[in-house]
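Can you make the complete structure from the sequences, with help from the hints?
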Amino acid sequence: AQSVTQLDSQVPVFEEAPVELRCNYSSSVSVYLFWYVQYPNQGLQLLLKYLSGSTLVKGINGFEAEFNKSQTSFHLRKPSVHISDTAEYFCAVTPGGYQKVTFGTGTKLQVIP
Amino acid sequence: DSGVTQTPKHLITATGQRVTLRCSPRSGDLSVYWYQQSLDQGLQFLIQYYNGEERAKGNILERFSAQQFPDLHSELNLSSLELGDSALYFCASSVDFATYEQYFGPGTRLTVT
Chain X
1 AQSVTQLDSQ
11 VPVFEEAPVE
21 LRCNYSSSVS
31 VYLFWYVQYP
41 NQGLQLLLKY
51 LSGSTLVKGI
61 NGFEAEFNKS
71 QTSFHLRKPS
81 VHISDTAEYF
91 CAVTPGGYQK
101 VTFGTGTKLQ
111 VIP
Chain G
1 DSGVTQTPKH
11 LITATGQRVT
21 LRCSPRSGDL
31 SVYWYQQSLD
41 QGLQFLIQYY
51 NGEERAKGNI
61 LERFSAQQFP
71 DLHSELNLSS
81 LELGDSALYF
91 CASSVDFATY
101 EQYFGPGTRL
111 TVT
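Sequence lines, in order, name chains X and G. Everything in the first sequence is counted per my numbering, starting at 1 for the first residue and increasing by one. Everything in the second sequence is counted per my numbering, starting at 1 for the first residue and increasing by one.
Just so you know, not all the hints are guaranteed correct.
As the list claims (entries may be wrong) - Cβ-to-Cβ under 8 Å is the rule here; a few derived chain G residues that face chain X:
no., residue
1, S2
2, P8
3, G42
4, L43
5, A56
6, G58
7, F64
8, F90
9, Y100
10, E101
11, F104
12, G105
13, P106
Said to hold, decoys possible - Straight-line distance between alpha carbons at most 27 Å, and here's what the computed DSS-like set of lysine-lysine pairs gives:
no., chain 1, residue 1, chain 2, residue 2
14, G, K9, X, K108
15, G, K57, X, K49
16, X, K49, X, K69
17, X, K108, X, K58
18, X, K69, X, K58
What the hints assert, rightly or not - Among chain X residues calculated to face chain G with C-beta under 10 Å, some are:
no., residue
19, L44
20, K49
21, G53
Read the hints as simulated data drawn from the structure, not as lab findings. Beta carbons: idealized from backbone N, C-alpha and C, even for Gly.
If you want it as structure tokens, here you go:
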């Protein structure tokens, strides 16, 4: 079975500052990794995904994440955040196929003007 | 707009009652997933259907059941409702059985009183 840990439940950051949201996973098999964003009163939206290949993955809205197999991490980064990035971010992992997706507990990003 | 629709948007009911949540996947998507999101449990995978057949099961209670119909819409039935069942219920869909990219609906907020 796999698991996901998002150590930070809330991350406040000033507008135009860089941000990193941390995600660590645990699995006995190869996995696929995802970051989703949930804006208030909305469903989740896929930001980016790592399936294979380059360990640096670029997503929508200027976000990127780096897969680090040795550290079992998949941290999300953005060089300069905007007010509109205020949302909750979820890291997720799955072995693929018919296996379920396991989500982390979420990190609330609060961008301060 | 993800293209996934869910009805109703809000539902208030009493303990012991039974409700049905409905989901229509994106056009062309064959796979449907149900999730429960609550403050104490986070985002939990319930069940997955692919082209009418159950493919994966998560933390779904025996009081809950789901099905996917020939037109690919899905229904989640919750019975003998308890206060702890109050949550946001999301439906997601993907093109095929691979859980690589899921598109989430706006959710149904269930309140059990």
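Right, here's what the structure says about each hint:
1. S2: It holds, given that the least Cβ distance between G:S2 and chain X is near 6 Å, below 8 Å.
2. P8: violated (15 Å)
3. G42: Because about 5 Å separates G:G42 from the closest Cβ in chain X, which is inside the 8 Å limit, the hint holds.
4. L43: holds (4 Å)
5. A56: holds (5 Å)
6. G58: Holds - the Cβ of G:G58 comes within 8 Å of chain X, reaching about 5 Å at its closest.
7. F64: Check failed: Cβ of G:F64 comes no nearer than 15 Å to chain X, outside 8 Å.
8. F90: With a closest approach of 6 Å, the G:F90 hint holds.
9. Y100: holds (6 Å)
10. E101: This hint holds: G:E101 lies near chain X, its Cβ roughly 6 Å from the closest one there, short of 8 Å.
11. F104: holds (4 Å)
12. G105: Nearest chain X Cβ about 5 Å off; hint holds.
13. P106: OK, holds: G:P106 within 8 Å of chain X, min 5 Å.
14. G:K9 with X:K108: Holds. G:K9 to X:K108 sits at ~24 Å (cutoff 27 Å).
15. G:K57 with X:K49: holds (23 Å)
16. X:K49 with X:K69: holds (15 Å)
17. X:K108 with X:K58: Distance of about 21 Å is within 27 Å: holds.
18. X:K69 with X:K58: Between X:K69 and X:K58 the Cα gap is close to 17 Å, so the pair holds against 27 Å.
19. L44: holds (4 Å)
20. K49: holds (7 Å)
21. G53: violated (13 Å)
Hints 2, 7, 21 from the earlier list are contradicted by this structure; the remaining hints agree with it.
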